[in-house]
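2 protein chains.
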Amino acid sequence: MPKNAFYAQSGGVTAVINASACGLIETARKHPDKIGKVYAGRNGIIGALTEDLIDTSQESDAAIAALRHTPSGAFGSCRFKLKGLDKSKAEYERLMEVFKVHDIGYFFYNGGGDSADTCLKVSQLSEKMGFPIQAIHVPKTVHNDLPITDNCPGFGSVAKYIAVSTREASIDVRSMSKTSTKVFVLEVMGRHAGWIAAAGGLASDAEHEIPTIILFPEVQFDQAKFMAKVKENVEKYDYCTVVVSEGTKWPDGKFLAEAGTRDAFGHAQLGGAAPVVANMIKESLGYKFHWAVADYLQRAARHLASKTDVEQAYAMGKAAVELALQGKNSVMPTIVRTSNNPYSWAVGSANLSEVANVEKMMPGDFISEDGFGITPACREYLAALIQGEDYPPYKNGMPDYVTLRNVAVPKKLTTPFDVKV
Amino acid sequence: MPKNAFYAQSGGVTAVINASACGLIETARKHPDKIGKVYAGRNGIIGALTEDLIDTSQESDAAIAALRHTPSGAFGSCRFKLKGLDKSKAEYERLMEVFKVHDIGYFFYNGGGDSADTCLKVSQLSEKMGFPIQAIHVPKTVHNDLPITDNCPGFGSVAKYIAVSTREASIDVRSMSKTSTKVFVLEVMGRHAGWIAAAGGLASDAEHEIPTIILFPEVQFDQAKFMAKVKENVEKYDYCTVVVSEGTKWPDGKFLAEAGTRDAFGHAQLGGAAPVVANMIKESLGYKFHWAVADYLQRAARHLASKTDVEQAYAMGKAAVELALQGKNSVMPTIVRTSNNPYSWAVGSANLSEVANVEKMMPGDFISEDGFGITPACREYLAALIQGEDYPPYKNGMPDYVTLRNVAVPKKLTTPFDVKV
Chain A
1 MPKNAFYAQS GGVTAVINAS ACGLIETARK HPDKIGKVYA GRNGIIGALT EDLIDTSQES
61 DAAIAALRHT PSGAFGSCRF KLKGLDKSKA EYERLMEVFK VHDIGYFFYN GGGDSADTCL
121 KVSQLSEKMG FPIQAIHVPK TVHNDLPITD NCPGFGSVAK YIAVSTREAS IDVRSMSKTS
181 TKVFVLEVMG RHAGWIAAAG GLASDAEHEI PTIILFPEVQ FDQAKFMAKV KENVEKYDYC
241 TVVVSEGTKW PDGKFLAEAG TRDAFGHAQL GGAAPVVANM IKESLGYKFH WAVADYLQRA
301 ARHLASKTDV EQAYAMGKAA VELALQGKNS VMPTIVRTSN NPYSWAVGSA NLSEVANVEK
361 MMPGDFISED GFGITPACRE YLAALIQGED YPPYKNGMPD YVTLRNVAVP KKLTTPFDVK
421 V
Chain L
1 MPKNAFYAQS GGVTAVINAS ACGLIETARK HPDKIGKVYA GRNGIIGALT EDLIDTSQES
61 DAAIAALRHT PSGAFGSCRF KLKGLDKSKA EYERLMEVFK VHDIGYFFYN GGGDSADTCL
121 KVSQLSEKMG FPIQAIHVPK TVHNDLPITD NCPGFGSVAK YIAVSTREAS IDVRSMSKTS
181 TKVFVLEVMG RHAGWIAAAG GLASDAEHEI PTIILFPEVQ FDQAKFMAKV KENVEKYDYC
241 TVVVSEGTKW PDGKFLAEAG TRDAFGHAQL GGAAPVVANM IKESLGYKFH WAVADYLQRA
301 ARHLASKTDV EQAYAMGKAA VELALQGKNS VMPTIVRTSN NPYSWAVGSA NLSEVANVEK
361 MMPGDFISED GFGITPACRE YLAALIQGED YPPYKNGMPD YVTLRNVAVP KKLTTPFDVK
421 V
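Just so you know, the protein sequences line up as chains A and L, in that order.
Using our numbering, read the first sequence as starting at 1 and increasing by one per residue.
Using our numbering, read the second sequence as starting at 1 and increasing by one per residue.
Calculated from the structure, these hints are not laboratory results.
Check before you lean on any hint, since a few could be wrong.
One copy or any two copies: either way a pair holds, since identical chains are not told apart in the list.
Restricting the straight-line Cα-Cα distance to at most 30 Å, the calculated cross-link-like pairs of lysine-lysine (DSSO-like) are [to be verified]:
hint	residue 1	residue 2
1	K288	K360
2	K249	K288
3	K128	K231
4	K225	K128
5	K420	K288
6	K81	K128
7	K249	K81
8	K395	K420
9	K412	K100
10	K288	K254
11	K249	K328
12	K288	K307
Take the sequences, apply the hints, and build the full model.
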């Protein structure tokens, strides 16, 4: 009897994480001699710990195929980080217990840096416990911060969304600038790195000039310099767009978003960086402004996904199964850039020991010298990732996203396990 | 010699106002015996007052055709309302002077309620001054508040954007609700009427159930009732989506967005309704939340335009010229709903005297009894307007929006005119 596989989605979901699930399950279904059933964790790794497994064999081929065009995490995800083997010993032992009783031979974990680390530990522990499991990490993160791989599935689609939205809102403001709005501020995700903010720089190109100022978390916010730049743009173009990362910080290390804003009752408000920046421009320069906070809209926007991103996400799921079938363990499939212009890529792989706990930051030469824009090298890197459109099917004017049945696998263990979330 | 035409865009721009310009200019070009050149006002009516006219005959057929898929206002718009003939006498006289010297026989004004009123006055005054101009209003407003016409071009695309974005972000939150975000709050436009907020109700349907609470400007905000509803949804579904109109008000008539928020220096902040609602949920119920403010993204999102909306916007521009050629004056082409399911529509027309200064509010039977949702009648009305997709062409992964040359018509008047904006 072939071993079963376990698959879980981890951390913040994306527009294309289900495309990886699709690639993984469709490929596994082609090898019934090697892989039994694919069980998914309901709400990620918590589903494994609580023995709440989903039997994906209960889903039709059509439903699995529809995952390719459905954003969000179809099986549920979670923010739950397993710590080191010493601190989270009970959790790891429980995982082994659940995997053993459900005859799991393959552990596929679809996530970012934290889940790569968990994946590595599962592999190490399973060997030590005499119940070897092939652990394969499937890369996913809108934050694009995994090492070795050229980029991370999920990021390309957010980048496309931010680039397109910035272009659209900017030409709207350009229309209105004579009598009304002169500055538009868009807040984007990325608490630690400016990858997503950088994508705002793609709104402007040789044929579509748009005065854009980007505020990166990598660059200490210099209010006077920023105001001078806004003023310069408005005087030259009559309008200006600002893309601010939620991770932009004051010189004292505080986030712009933590501007000490209080409501009428004196309660501290969790504001956003965009209104802080907009209000500061209004006060200092008097310009009319509008601001937007894209938040989850940016990472869920499957309607505007990058075709490149969808294909890479699918390829990573497929490659994960292929690596498993080749007997690989403790690895992650990667995207290898083989050419820049035209962009081409191939599938590679990396050892998890080189992936876990390594964060890839933006290269220093991707941010322009004044700190407010992207360099040609950055543009070339990013432009490749937003190529192509891959529209979901529509029904009655709305995207027809699939909701799976998510049928539970009967429990076999009698001991409950308390997960402290 | 045929008379020239003047065209101007007024007020907030939309994803499809340029489609109306496209329909108008393309149709005018087919009748060179009746219509000379089409001059556009640079930055709307201000361009007429300052004799800053754009010669659209300098644009290629391809550039004009590209207007159909380009959001924003290609000639610039403005927020500048002409008052009554008594108060704004100088402005109206100046308009006549400019129109006369440029041999304008047709006045096409593309806007909402205010511009319908201006259009009517131009027609009345031009007759009185012995220089008759046919004034035709071309409907446009994301606020959907013009009377007589079934709907207003611009609205259908915003509705589609809000419906799709709400569905996408909601299923994202659903994936995360086990350990993380339980409530997602999306702020949408609509200071006076809840048409756009209502579109959030389309995110949920028979096949895609999404617990959605809508906060309408038409319904006085009842904090206790709202909290109870959020709690009920989260307890039942483990998550909940809130679509809040920027126009939602406290019982004392103040906007939610004016929550008295102050920054660290005590300055009043122009916040948003979404963070106010999100913080209130956090404090009262303790749920983790995320919030987004779509702002200009929603009205500029040509990448997700409703095909129905694009076709209607184009048809309104085309019909405006056809009405002019039929000798009509002081009219506005309208959209007439001829069938609901399947939706079909025809072009009609209305007298401006019946359009000017009349605001169409949401019918009372469009809001559900509890005040938090839409009725089946509202769903049927809205669903028709978001039918079909009409994607812009892409180049290098980005929508290829046109920027016109906007060549100025040589000035003929020697007197400058000071517009107080």
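Each hint tested on the structure:
In this homomeric assembly, K288 and K360 come within 30 Å of each other (Cα to Cα) only across copies, at 28 Å, whereas the closest approach inside a single copy is 38 Å. In the homo-oligomer, the alpha carbons of K249 and K288 lie at most 30 Å apart both inside one protomer (24 Å) and across protomers (23 Å), since each shortest distance falls under that limit. In the homo-oligomer, the alpha carbons of K128 and K231 never lie at most 30 Å apart, since the shortest distance is 63 Å inside one protomer and 46 Å across protomers. With identical chains, the CA atoms of K225 and K128 are never at most 30 Å apart, being 57 Å at best within one copy and 56 Å at best between copies.
When the C-alpha separation of K420 and K288 is checked against a cutoff of 30 Å, the pair qualifies only between copies, where the shortest distance is 16 Å, while the shortest distance within a copy is 48 Å. Taking the shortest alpha-carbon separations for K81 and K128, only the intra-copy value of 21 Å comes in at or below 30 Å, while the best inter-copy value is 77 Å. In this assembly of identical chains, K249 and K81 lie within 30 Å of each other by CA distance solely inside one copy; the values are 26 Å within and 41 Å between copies. Within a single copy, K395 and K420 get their C-alpha atoms no closer than 41 Å, and across copies no closer than 49 Å, so neither meets the 30 Å cut-off.
Taking the closest pair of Cα atoms, K412 and K100 come within 30 Å of each other only inside a single copy of the chain (11 Å); across copies the shortest separation is 88 Å, beyond that limit. Proximity of K288 and K254 under a CA criterion of 30 Å is satisfied in both settings, with 26 Å inside one chain copy and 22 Å between copies. With identical chains, the CA atoms of K249 and K328 are never at most 30 Å apart, being 42 Å at best within one copy and 60 Å at best between copies. Taking the shortest alpha-carbon separations for K288 and K307, neither the intra-copy value of 37 Å nor the inter-copy value of 32 Å comes in at or below 30 Å.
Hint check: violations occur at hints 3, 4, 8, 11, 12; the rest are consistent with the structure.
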